[in-house]
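> So you can see what is in the structure, the chains are spelled out below.
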Amino acid sequence: DAGVTQSPTHLIKTRGQQVTLRCSPKSGHDTVSWYQQALGQGPQFIFQYYEEEERQRGNFPDRFSGHQFPNYSSELNVNALLLGDSALYLCASSLVGHSDTGELFFGEGSRLTVL
Amino acid sequence: AQKITQTQPGMFVQEKEAVTLDCTYDTSDPSYGLFWYKQPSSGEMIFLIYQGSYDQQNATEGRYSLNFQKARKSANLVISASQLGDSAMYFCAISPTNTNAGKSTFGDGTTLTVKP
Chain A
1 DAGVTQSPTH LIKTRGQQVT LRCSPKSGHD TVSWYQQALG QGPQFIFQYY
51 EEEERQRGNF PDRFSGHQFP NYSSELNVNA LLLGDSALYL CASSLVGHSD
101 TGELFFGEGS RLTVL
Chain B
1 AQKITQTQPG MFVQEKEAVT LDCTYDTSDP SYGLFWYKQP SSGEMIFLIY
51 QGSYDQQNAT EGRYSLNFQK ARKSANLVIS ASQLGDSAMY FCAISPTNTN
101 AGKSTFGDGT TLTVKP
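Chains as they are written, first to last, in the numbering used here: chain A, 1 to 115; chain B, 1 to 116.
In isolation and in its complexed conformation, chain A is listed as follows (with noise of 0.2 Å):
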């Protein structure tokens, strides 16, 4: 049973440049989750999608959008870089609905650094 898988794992950017995440759920998994998680912090909840539609959104700007494709699988962009966008992302997937509980599943995250 494949889990969640996010790439690329780490990578290296400079201010006011574009990066795209990548992120596939679990499988049977229908909806994801973004997080951006800064060092020594726990995660924050960026945004949400659930058939290929923006459901909730926390507290980031416009510069952070995503989208989701028919298979699931989702992308998180970031334009204009700064520094304060260094952290951990990390993709949830979870089964909405379906679950007692709802969980949440998550990958182990894209480390993006901003010089």
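Keep in mind the hints are simulated off the structure, nothing from the lab. By construction, the Cβ of each residue, glycine as well, lies at the ideal position given by its N, Cα and C atoms. Where hints are given, some of them may not hold.
Said to hold, decoys possible - Label-pair ranges, simulated between beta-carbon atoms:
no.: 1; chain 1: B; residue 1: THR113; chain 2: A; residue 2: ARG55; range: 34 to 40 Å
no.: 2; chain 1: A; residue 1: GLN56; chain 2: B; residue 2: GLY62; range: 28 to 34 Å
no.: 3; chain 1: B; residue 1: GLN14; chain 2: A; residue 2: ALA38; range: 28 to 34 Å
no.: 4; chain 1: A; residue 1: ALA38; chain 2: B; residue 2: ASP55; range: 28 to 34 Å
no.: 5; chain 1: A; residue 1: GLY16; chain 2: B; residue 2: ASP108; range: 46 to 52 Å
no.: 6; chain 1: A; residue 1: ARG63; chain 2: B; residue 2: LYS16; range: 46 to 52 Å
no.: 7; chain 1: A; residue 1: ARG55; chain 2: B; residue 2: LYS3; range: 32 to 38 Å
no.: 8; chain 1: A; residue 1: GLU53; chain 2: B; residue 2: GLU15; range: 46 to 52 Å
no.: 9; chain 1: A; residue 1: THR14; chain 2: B; residue 2: GLN83; range: 38 to 44 Å
no.: 10; chain 1: B; residue 1: GLY62; chain 2: A; residue 2: THR9; range: 28 to 34 Å
no.: 11; chain 1: A; residue 1: SER7; chain 2: B; residue 2: GLU15; range: 33 to 39 Å
no.: 12; chain 1: B; residue 1: ALA71; chain 2: A; residue 2: ARG63; range: 39 to 45 Å
Go by the hints and put chain B onto chain A.
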């Protein structure tokens, strides 16, 4: 808005002993879900245990149990018979509903170190 507070930045426990990791929460939602996750150094967050706000009994999953005190708004994680592999970061999280944890709010975590 929902908030999670984890007041223990780091905890130490001797192998085979039990340890309690503290978590308090704040929410105005009448219904909510509480979760605990483990994050090893690899970075992947691993789901451990869930407690629904209307559940009458404390949740248990193997060596993990959740001490849920609704009136005090606390959801402490108890790990029994600690193992060296339990050394990791532990995060408490809350979501507005129990069927969609997508928009979860996490605490800043507790680093647990298990000593041999």
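> Work down the list of hints and note, for each, if the structure agrees.
Hints, one by one, checked against the model:
With their beta carbons about 38 Å apart, THR113(B) and ARG55(A) fall inside the hinted range of 34 to 40 Å. As the Cβ distance of GLN56(A) to GLY62(B) is approximately 31 Å, the hint placing it in 28 to 34 Å holds. At about 32 Å, the beta-carbon gap between GLN14(B) and ALA38(A) stays in the expected band of 28 to 34 Å. With their beta carbons about 32 Å apart, ALA38(A) and ASP55(B) fall inside the hinted range of 28 to 34 Å.
At about 30 Å, the beta-carbon gap between GLY16(A) and ASP108(B) misses the expected band of 46 to 52 Å. Here the CB-CB span from ARG63(A) to LYS16(B) is close to 49 Å, well matched to the stated 46 to 52 Å. As the Cβ distance of ARG55(A) to LYS3(B) is approximately 22 Å, the hint placing it in 32 to 38 Å is violated. Separated by about 48 Å at the C-beta atoms, GLU53(A) and GLU15(B) satisfy the suggested range of 46 to 52 Å.
Take THR14(A) and GLN83(B): their Cβ atoms lie about 43 Å apart, and the range 38 to 44 Å holds. Between GLY62(B) and THR9(A) the Cβ separation comes to about 30 Å, which falls inside the hinted range of 28 to 34 Å. Taking the beta carbon of each, SER7(A) and GLU15(B) are about 37 Å apart, inside 33 to 39 Å as hinted. For the hinted restraint 39 to 45 Å between ALA71(B) and ARG63(A), the CB-CB distance of approximately 42 Å keeps it satisfied.
Taken one by one, the earlier hints fail for this structure at numbers 5 and 7, listed in ascending order.
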